[in-house]
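Asker: For reference, the chains in residue letters:
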Amino acid sequence: MSYAISVNGQVHHVEDDGQTPLLWVLRDTLKLSGTKYGCGAAQCGACTVHVDGKPMRSCTLSLERASSARITTIEAVEGADVRAIQDAWVAHDVPQCGFCQSGQVMSAIALLRTVEKPTDRDIDLAMSGNLCRCATYNRIRAAIHDAASKLGTPT
Amino acid sequence: MIDLPEKKSRFRMTRRRLILGGSLIGGALVVGYIATNPMQVAGAILQGGGDDPRPSAFGPFIRITDDGWITVVNKQQELGQGIHAGLAAIVAEELDADWDRVRVVDSRSNFRAYGPQMTGASNGIASNWDLMRNAGAAARAMFVAAAALRWGVPSGSIDIRNGIVSHLDSRRTATFPELLADASRQPPPDSPMLKQPADYRLIGTDKVRRKDSLSKSTGAQVYTQDIQRPDMLVAMVAHSPRFGGTLARFDASDARKVKGVVDVFATETGVAVVAETTFAAWKGRDALRIEWDDSEAETRSTHELVRYYHDIAAGRSDVEPAEFDSKGDDSEVPFDDDVADFAFDFPYLAHAPMETLDCVAQVNGWDVSITSGAHLATVDQVYAAFAARTIPGKVDIEVVPAGGSFGRRGVLSSDYLVECVRIAKRTDGRPVKLMWSREDEIASGYFRPMSHHRVWVQLGRDGFPTRWRIHSVCQSLLPVGPNSLATEGITHSPYFSTASTVDGKIFTPTFPVVVGLWRSVGHSYTALVMEHIIDQLARRAGLDPAAYRRVFYEKVEDKRRLAVLDELCLKAGWGTPLETGWARGLAIHEAFGTIVGQVAEVRLVDGRPLVRRVVAVVDCGIAIAHDQIAAQMEGSIGFGLSAALYGAITLKDGIVQETNFDRYLVLRMNEMPVVETHIIASTSRPTGMGEPGVAPIAPAVANAILALTGQPTSRLPFLDGNARSNTDVSAQFNG
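As given, the protein sequences belong to chains A and B, one line each in that order.
Under UniProt numbering, the first sequence has 81 at position 81, and the numbering climbs by one with no breaks.
Under UniProt numbering, the second sequence has 529 at position 529, and the numbering climbs by one with no breaks.
Here chain A stands alone, though its shape is the one from the complex (with noise of 0.2 Å):
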């Protein structure tokens, strides 16, 4: 069957099978490989993508749920805040292997889009399904609440 899906603001037809995860759609079909899949199951959130604007587990996501949605990937997703994530994480050198950082900086984005200063508790709530297994988790903290102060900070 044929989809039709919005990815980073363009519409692509898709001919595959409405069940097949939407990770595999973008990584194999659209050749956006930016997004890991790490588990395939929703546990570990390499594969998150924004869903009309909200975090989501791509590697459960459907491709026929998914082609009702806006999906922005790590490819596309702009705007200042996600200049000041990704600074602040170059600025704190967050990534050790970096594969679950796509992940990371995806959940990051969305957080600083629904809480402008979170609180630790509101990193904790808002990434504890993200896995690193270098555990970075000290840094991603610390880059987050640098970037939120940066983005509060008027220019």
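Derived by calculation from the structure, the hints in this document are not laboratory data.
Errors might be hidden in some of the hints.
[Stated by the list, open to error] Restraint ranges, calculated between C-beta atoms of paired labels, are given here:
| no. | chain 1 | residue 1 | chain 2 | residue 2 | range |
| --- | --- | --- | --- | --- | --- |
| 1 | A | 87 | B | 197 | 38 to 44 Å |
| 2 | A | 119 | B | 428 | 42 to 48 Å |
| 3 | B | 386 | A | 31 | 31 to 37 Å |
| 4 | B | 257 | A | 10 | 44 to 50 Å |
| 5 | B | 194 | A | 153 | 41 to 47 Å |
[To be verified] Just a sample of chain B residues kept apart from chain A, beta carbon distances all over 12 Å, derived:
| no. | residue |
| --- | --- |
| 6 | 69 |
| 7 | 164 |
| 8 | 192 |
| 9 | 225 |
| 10 | 252 |
| 11 | 267 |
| 12 | 303 |
| 13 | 476 |
| 14 | 559 |
| 15 | 680 |
| 16 | 682 |
| 17 | 685 |
| 18 | 707 |
Cβ coordinates follow ideal geometry from the N, Cα and C atoms, glycine included.
Put chain B on the given structure of chain A with help from the hints.
Answerer: Relative to chain A, chain B alone:
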């Protein structure tokens, strides 16, 4: 552009087995080594003719181009530990380069040039220290000589800072590109002058930062999983659910009906499904009907294996022990009644790197081309050659950064890579990407081995050991040779120093469950054995655990351990009061030449250890990249704490029960303690940082629990398999 003849080379002997060389290749000054040692010469023969420019016997380490960039070649594997930055910093220091104009590229597998490319045992910095220093210093000397010649001044009056070559008296300056051609005509010095640590301007400063943070924060970094090739197929393999199980028969008729499935066939490790896309391969594999032959398979459950290990340690089996670290006479003199008697059990652990195992391979006749996050590129090259029935020189491995490994990509059989090559042999030259699911990865073995330890310690009147007996049971961590890695961290312990008798025995059972190297290897449990025993002995002796340790370290005159202990007590506020309900636990352990001390602040909440802060002190010799040392300490503590709290792979009738993150629980954001890292100033050769920080965290927590409750820990993990992570966090994001 500077127009110069190609490949104008000068090579000079150094005191090492390698020859340092510099040459102008395609307008770039390249400094590196040419191999002369017998193993590499043998490798060169295996690699075929000598006229192939890539890979060649010349191993470049530094490339300086006329755009002013210094490119450092990383022959190790970047798997998150930041080795690329450390190696580049060593070169930049000796060369006095501008750090912002230094970049790093990963080398392909190139045994001829680099010798064995093996990343492990935290050896990346230690094993490349001299190579990188000398290469950087040689390049510097060539620029100095070129400038001296051009300006007609003594070379001793030339200085280089931040990539600017200068002569102070005449106020003349030049950049590396301006001197490139002249420098390349200078012979590299026989033994270039190396800096003294006091003269370092970059090493040991906060300027040394990762070079890959941006690409890893924007999704741009390409891992093996992301590789796309024209005409590429994706393969998944159905493996035996039991270790040692083999394929009896299978029915692929439904699998073949799945749209996108190209081929299904039996391979040495199971049934391979080859398809146009990952999900087609996945569905095809799900549609297989397979019967496994378990006649040689492991069918026991974990509780049976634990009982078996206890029997072995008690001498109720036919597993013969080997001695380690024994001294004195441990004839059958019985211990006194008041002997301190300990038993420990540790579970199997999976690595679970965020990137599961994957590999891209293409086989064209004799030629094999591989892309992989290859930990042990040289081992992989040899195994791939066996699998493809070619010679290692015909195997080219493009080494890309791995999405974690923790030892899983560094197995001494190259299992997943070999599996990929075998499949790629059957796809008529089409490239194949092998994908393992999370379940495949966790259940595949190469586990940190389960182990059991019985320890008896006889204490003298002063409260210090007079006699040790340690009987350990653990499968072998290496395919051949003695099982020495299983007792690393116990062997040569400073805590043996007061004893006249030490009886160390290692029992090595063999059965089909596959074990391997897991970040910090034997230290991942021996640190708890020794450090937790020491705290319990200190309690018996009525001494403070830090003061008790100090006696041993002083006896063996271990200045490094003493310095770590003192700094740790100071920074952690050892001995100062904490709020009610909190306690500190201390542990100090040496692994791979690095000494790490940690103090954990712990509280028990409904019986669960809550760790809020860890103060860590490390002596890793000359500290090259301070911030990356801190990063490795943070990561190691998170990794070690994850295993200590939750980590356990269990078998039921031989089948792994924890196959994804819902049951193989790992540490999450809200459980990560604050980590403070303090580095002991040192002028000794640098040692590694990727693993040593893992070992002390479990005993530090166990010792805090001991202080809180008086209860010793005799097994890990602290929480049993039914204890859920504190939040079921997945639901809210589920599609």
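Asker: If a hint holds in the structure, say so; if it doesn't, say that too.
Answerer: Structure-based check of all given hints:
1. A:87 <-> B:197: 38 to 44 Å: 33 Å, violated
2. A:119 <-> B:428: 42 to 48 Å: This hint is violated: roughly 58 Å between Cβ atoms.
3. B:386 <-> A:31: 31 to 37 Å: 34 Å, holds
4. B:257 <-> A:10: 44 to 50 Å: 33 Å, violated
5. B:194 <-> A:153: 41 to 47 Å: Since residue 194 (chain B) and residue 153 (chain A) have Cβ atoms about 46 Å apart, the given range 41 to 47 Å holds.
6. 69: Its Cβ never comes within 12 Å of chain A, the nearest being 19 Å, so this holds.
7. 164: Non-interface label on residue 164 (chain B) holds, nearest chain A Cβ at 26 Å vs cutoff 12 Å.
8. 192: 31 Å, holds
9. 225: 6 Å, violated
10. 252: Answer for residue 252 (chain B): holds, closest chain A Cβ roughly 19 Å.
11. 267: For residue 267 (chain B), whose nearest Cβ neighbour in chain A is about 22 Å away, the distance exceeds 12 Å, so it holds.
12. 303: 27 Å, holds
13. 476: 26 Å, holds
14. 559: Since the minimum Cβ distance to chain A is about 31 Å, residue 559 (chain B) lies beyond 12 Å and the statement holds.
15. 680: Its Cβ never comes within 12 Å of chain A, the nearest being 22 Å, so this holds.
16. 682: 23 Å, holds
17. 685: 24 Å, holds
18. 707: 25 Å, holds
Hint compliance for this structure: hints 1, 2, 4, 9 are broken, all remaining hints hold.
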